[in-house]
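Could you slot chain B onto chain A? The hints should help.
Spelled out, the chains give:
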Amino acid sequence: MSLARNKARILWSMVAGAALALPLVSSAGVLPDDRADALYHRYEGGGVTIQGPSVLVRKKMAEKYAVTANYYQDMITSASIDVEVSGASQYKEERDQYSLGFEYLRGKTTYNLSYTNSEENDYEAQTASFGLSQDLFGDLTTISMGFSRGADKVRNSTDPSFERDIDRWSYRVGVSQILTKSFIAAMNLEVITDEGFLNNPYRSYRYIDPNDNRRFILAQEIYPRTRTSNAVALNGRYFLPYRAVVYGGYRFFTDTWRIRADTFELGYIHPIKQQWTLEARVRYYQQDNAEFYSDLFGRVNQQNFMARDKELSTFNSMAFRIGASYEFAQTGWRFVKKGSVNLFYDRIEFKYDDFRDARVSKLLPTDPGYAPAGSEPLYEFGANVIQAFVSIWF
Amino acid sequence: MIKGIAVKVAAAVALVSGLSACGNIEPWVKPYERQQLADPLMAANPNPVSSAYMDHVFEAREGARGALGGGGGGCGCN
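Chains as they are written, first to last, in numbering that gives the first Met the number 0: chain A, 0 to 393; chain B, 0 to 77.
Okay, chain A solo, but in the shape it has when bound:
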């Protein structure tokens, strides 16, 4: 049973579609080199383990056309805090995603189309994207714009008759600008609108038990049927005189659920000799809660919309990365122009300001760890994220 689902997984196919398409339009005047990547990913934290492969292949033809294909898989084992509080047991599930992208370069303009399909036993998502980018002003400026349309089907593994739809629209514009011989900056803007069944059919909010105010009772969440979000991001990369790169970014986010978020990122890339590249990065994220979020409602049906998804709460996260890449076959080997082996490790610390550890108030009052509902300690957890991948250019 899929209790730890969230709206972001719903969005995944749209993200993947954009991710598939946009790197290819990074320079409108030239299509990127042929390349294949095979990645193993593993996330472990908060009682959840997600791992699997991702394979990405890009191939161009006649310097005008390019095809990109991606297969991605998540194998999930979850006993998250939501699962534990609901009284359910650990569950396992799998998600498979296929993406296909096509590009056409004409003069200084690149057009791209992509399609993504994501399937799991109780969720299906399809997304189609279109975008274009154009180099301007002596190739100092690249502008890009894109549109995605998504259609999801939400099901419930405990109720075969349950099926709901979500429609999604995404509009993106971006500009990147060469500012000096060693500095490039970019601004991106994206508006996303969702309409349909936006909550998780398995997740509950909680309210005070009217018969015992030290306890709580669970009831199914109720979300609005629409959401529109706006995000704007500024990023820059600077080439240091001794051949290293420092990069940074800021993103501001708001939506019609009254979530407001800030994301800051700062990274450093340092090559060692000819073959090694090291990277370090720190990322800070902070958000304010959705207006219909509460950790503990006073009574059942207290308001029209009620949520207790911790991703809609007030919280912050801090992520630290270290990574290393080693290049091999730099002078070529058979059909391979070059290759690299890469290992990245990210440590993420999540700290919630209004999401409490409800497992504590489910204990017996005689238990030394017990605290009544609404007085539990605030929840926090850390996650380890590992990526190991091989890339070859051909």
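Note that these hints are calculated values from the structure, not bench results.
Each hint should be verified, as a subset may be incorrect.
[Claimed, not checked] Straight-line alpha carbon distances no greater than 20 angstroms define the calculated PhoX-like cross-link-like pairs of lysine-lysine that follow: (1) A/K337 <-> A/K58; (2) A/K180 <-> B/K29; (3) A/K59 <-> A/K337; (4) A/K59 <-> A/K107; (5) A/K91 <-> A/K63; (6) A/K107 <-> B/K29.
Same frame as chain A, but now just chain B:
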């Protein structure tokens, strides 16, 4: 709805076409001065398979979404 989308796409194409006419502005960073910008270390998104995954890791656990500009780096450049 389809009509609305068609109008937006047409507007986007018209905008790009209009800006193309401005393509003869003198670049202040000459093509031969761009070796640092062309260095692989300056690639906006050097590992798309990895950045798409990390975007997913964060997006799955945060309320915010969008404006990633092609996988984490956000810079649709180089």
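Structure-based check of each hint:
| no. | hint | verdict |
| --- | --- | --- |
| 1 | A/K337 <-> A/K58 | holds, 15 angstroms |
| 2 | A/K180 <-> B/K29 | holds, 9 angstroms |
| 3 | A/K59 <-> A/K337 | holds, 17 angstroms |
| 4 | A/K59 <-> A/K107 | holds, 16 angstroms |
| 5 | A/K91 <-> A/K63 | violated, 44 angstroms |
| 6 | A/K107 <-> B/K29 | holds, 17 angstroms |
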